[in-house]
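Start from the sequences and build out the full structure, keeping to the hints where you can.
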Amino acid sequence: MKTRTTRALRCSAPLVAAGLLLTACGSNGGSDSGQPAGNTSFEGRGPITYVAGKDTSGVVQKVIDRWNTLHPKEKVTFVQLPTDADSQRQQMIQNAETKSDAYTVLSLDVVWTSEFAAHQWIDRLPGQRFPLQDMLKPVVETAKYRGGLYAVPASSDGGLLYYRTDLLKKAGITRPPATWSQMTADCAKVKRLPGTEGMSCYAGQFQKYEGLTVNFAEAVNSAGGVVTDASGKPDVDTPSARKGLDFLVGALKDGTIPKEAVTYQEEDGRQAFQSGKLIFLRNWPYMYALAEKSKLAGKFTVAPLPGLNGPGSSSLGGHNLALSSFARNKATALDFMKFFSSQDSASTFLKDASLAPPYARSYDDASLVKRYPYLPDLKQSILHAVPRPRVVQYGDATSAIQQEAYAALTGAKSGAQALKDLQSALQKSTAQ
Amino acid sequence: MTRTANVRTRLLYLGVAAVVAYCLAPFYWMLVSSLRRTSDIFDTSPLPSPVSFENYRAVFDPSQGFTRALLNSLLVAGVTTALALLLATFTAYAMARLEFRFKRLILTLIIATSMFPVVSIVVPLLKLFTDIGWINTYQAMIVPSMSFALPLAVWNLTTFFRQMPDELEHAAMIDGCTRGQAFRKVIIPLAAPGIFTTAIITFIAAWNEFLIALSMTNKSAMQTAPVAISKFAGATQFETPFGSQMAAGVLVTVPLVVMVLLFQRRIVAGLTAGAAK
Amino acid sequence: MTDTTTPPGTAVREHGSAAPRPSAPVRPRRRTRARATAGSGRMAALLVSPTLLVLTIVVLYPTLMALHESLYGPKGLDPSTGFIRTTEPFVGLHNYAGILGAAGQRFWNAFWNTTFFTVVTVGLETVIGVVMALIMHQAFRGRALVRAGILVPWAVPTAISGLLWRWVFNSNGIANAILGRQILWTTEGFHAKVAVVVAEVWKTAPFIGLLVLAGLQVIPKEVYEAARIDGASALRRFWHVTLPLVKPALLVAVLFRCLDALRMFDLPYILVGAQKNSVETLSMLAQNEASNVRFGPASAYAVILFLYVLLIALAFVRLLGADLVGDRDGGKANRRSLRGILAPRRTEVAA
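Chains as they are written, first to last, in UniProt numbering: chain A, 1 to 432; chain B, 1 to 277; chain C, 1 to 351.
Quick caveat, the hints were computed from the structure, so don't treat them as lab data.
Just so it is clear, CB atoms sit at the ideal spot from N, CA and C, and this is done for glycine as well.
One thing to keep in mind: the hints can contain errors.
What the hints assert, rightly or not - Here are some of the chain A residues that sit facing chain C, going by a computed Cβ distance under 8 Å: (1) 86; (2) 118; (3) 146; (4) 209; (5) 335; (6) 392; (7) 402.
Right, dumping it as structure tokens:
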């Protein structure tokens, strides 16, 4: 989920090897496999920790401080991990493998839920304790594993289509494109304007990293295909999925997407868009405020992602709160998770750190919409979003997707071959 | 004669300029990038305009704890270097001057231990240190750092000691020095440039260690500079804090070089003074 | 350090009176050593054991654990509960078989990449490092400053240098601006290898440069002067006098660079990215397995890499044996002649 830009800072990987014959897992907190967890197993009150990536906005500490003044005997300490997602995951796994109680509440990237749940590194949670019904449904789905709730959504994220309102208007286009063919047609019109030579039509994140998985899955889903079906089985070698991949491959070939986009991560695309090289760009909401501060201020806006025959579907981002199986003071932890994921806290996170709230109501709040004009589009994006493959071996699945999609995009393989190979690679990794 | 000397000097300075350019050009780019405003970070102009210290202010923002992290790094790397050099001096002396069985085996063993990737010893060590309550302590970072510092120091010192002809010691011993004194007063001063270089290289290796320092601590007061840098974040999840990362890179590199410069004069001069007399 | 342990010292001292005459240095010294063996053995044990003890604790124990782990497979998923099983199955050598068999193509690709990077980067570093050292060894104004300056690349943390070079090799970065064409450095292909080599050589050439410079500095001036009086040309002096004398320092520097290069991980990972076939190294494969919580196969990769590195190290120890371990077979000719030149001066120094 995280850009490799920051992932870059991780040094070598821990965990390699090393003895650890852990009998690991399970048996903690009384939540036996399969059985829904009851309130009874969450016992103990006292100090706990909240573990997440470094937060520069300072908002996390602010919310924690609010909790700490209310609960002086159950203080929460913020343990900050490196900013890049891989390092965070590694530290959390190391903590679980040594069964340390240093970490209590974990901030998990949405795609890690299945893996952490299956390893029983995190506890199954009592769903009735959290206001899940007020949250957007696709967001809540990311917190589940095999029907059980293993985390509570704290923030969400969805892809948006950024576009140049000034250029579209000049070319006489009044509405943003809803389909890929409309988008290319709009580009053709814009390109007839003087001063648009050298501009490219569209870009997303096509470097070989997690962003490619996001963009590939979006293309496939937006063409009516799936990567994995409802039961989690891979089903990507289909004509619909093929149409999605073909759009990207064809666009790269005919220059609709610039060649250099195969090196783009989020920030590269933003740079290209802000320096006037792109008419359309797929990116996350974070870019909105930054572009407003650039020379493009007032010359762009956002729309839901386009698709093959109508609006497309986004991949889901965001973070969920989970409870480490090896932690102490779990009663306090549950209360804190409830507090931290409340509508109040979510509003604070939106205001101070631009994190998309999991609550449906926030997106319709007039004062918030005034401040964050992209909220209605983001709501549509999240409501139509499809989670990335929810498999235990997510690391293997995303590697396989990146491998095959990148081969197709760079022309090393045909689209048909890439999807066929991807299907068999995914089958292998989910069979384990 | 003077003409050839002149040409020689010119060539020398040309060579020096080339060496300096080679080493510093990329570093210059780092410096320039660190002095750009966040909004100019994509520029490729050779000079930052306007010059901004925004990134440096970000690095020294109290919430990053960077000053404390620098001190921690200094402590960990300093102690690691001192210990490694001390132990390595004994060992290297034995390797260079004494005849004993299994020498080759031991030397091979020492280097073999430095070969297992640090990544693969972290988890067992983490488990061990958790059991003995060493998490969030300096020794938990210093002791594992010995795994790469010690072999490096032993091998380098052995070469340098062996380059010292043993007649020197013999001569000193004729003058009534004990073996230890002869070593200390004759060999060490002569090998000073080698020892000093070994110290610098060991220090830098320890100074830049990341994985162990990250895994053995979870309190921000205990983190070292590389760990602190890994926690530099942009304002949002996807934004690159490239400018402040480069600023931090400059800030961990420059003091090191200045320190070397100062020590170079003192230590090398001090040590060689002993020999010249 | 060991002023108190006199026995071996005395033995040598008695003999010492006969030693430092240039005419007959070789034979008596040998006899001394033979006589001192029992005593120096004890002393050596005393001097060496602290190092061995520390290394046993910090390395040997975890390494044995890793070896053990490499015989176990990943924990499987229990389809009925949806949970990962709690124990790792014992699979014997299956992990190794898997690496060389099923994952063979990827393994050999990484193996050749690793070897390529090691040979090319260490080769270039050696040449650049030696040239650097030779230049720095000359007397010129501001030498101390320049010498500290060449430390800069080596002192920049690897992760930061990876980021810096990624910026330089960005599709719109300074490298392309200077070259005047747009090369997509971070995509698959030979150019990705070039980017890694450039960044790696920049960072580590000073390592070799510094150690060789130190080696040069401990060569007594008289040797050069003697050679110059003989009328040897600069090139001949370098080849026949300087190079043999710095050989031990150079070889040790090269050895450590090789070991490091064989374990290369951060730089290709940060600069070009994970799972790029063009730059994937063995360490990256091991990391990939471990990050997917398959500790057994990850350990197996680490062990294979370890064996490969060990092989290289053994070759070096062979090569260095004469200079470093002090075997009597050959390799000392130069130092002997050097002693011949120097012996008179030494007595003066000590006096």
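Evaluation of the provided hints:
1. Taken as an interface hint, residue 86 (chain A) checks out: its beta carbon lies about 7 Å from the nearest beta carbon of chain C, inside 8 Å.
2. The interface hint given for residue 118 (chain A) is met, as the beta carbon of that residue sits about 5 Å from the closest beta carbon of chain C, less than 8 Å.
3. Interface hint status for residue 146 (chain A): upheld, as the beta-carbon distance to the closest one in chain C is roughly 4 Å, under 8 Å.
4. Satisfaction of the interface hint for residue 209 (chain A) is found here, the shortest Cβ-Cβ separation to chain C being roughly 6 Å, below the 8 Å cut-off.
5. The restraint placing residue 335 (chain A) at the interface with chain C is violated, with a minimum CB-CB distance near 27 Å, outside the 8 Å limit.
6. Interface hint status for residue 392 (chain A): upheld, as the beta-carbon distance to the closest one in chain C is roughly 6 Å, under 8 Å.
7. Hint status for residue 402 (chain A): holds, given a least beta-carbon distance of 7 Å to chain C, under 8 Å.
Of the numbered hints given earlier, the model fails hint 5 alone.
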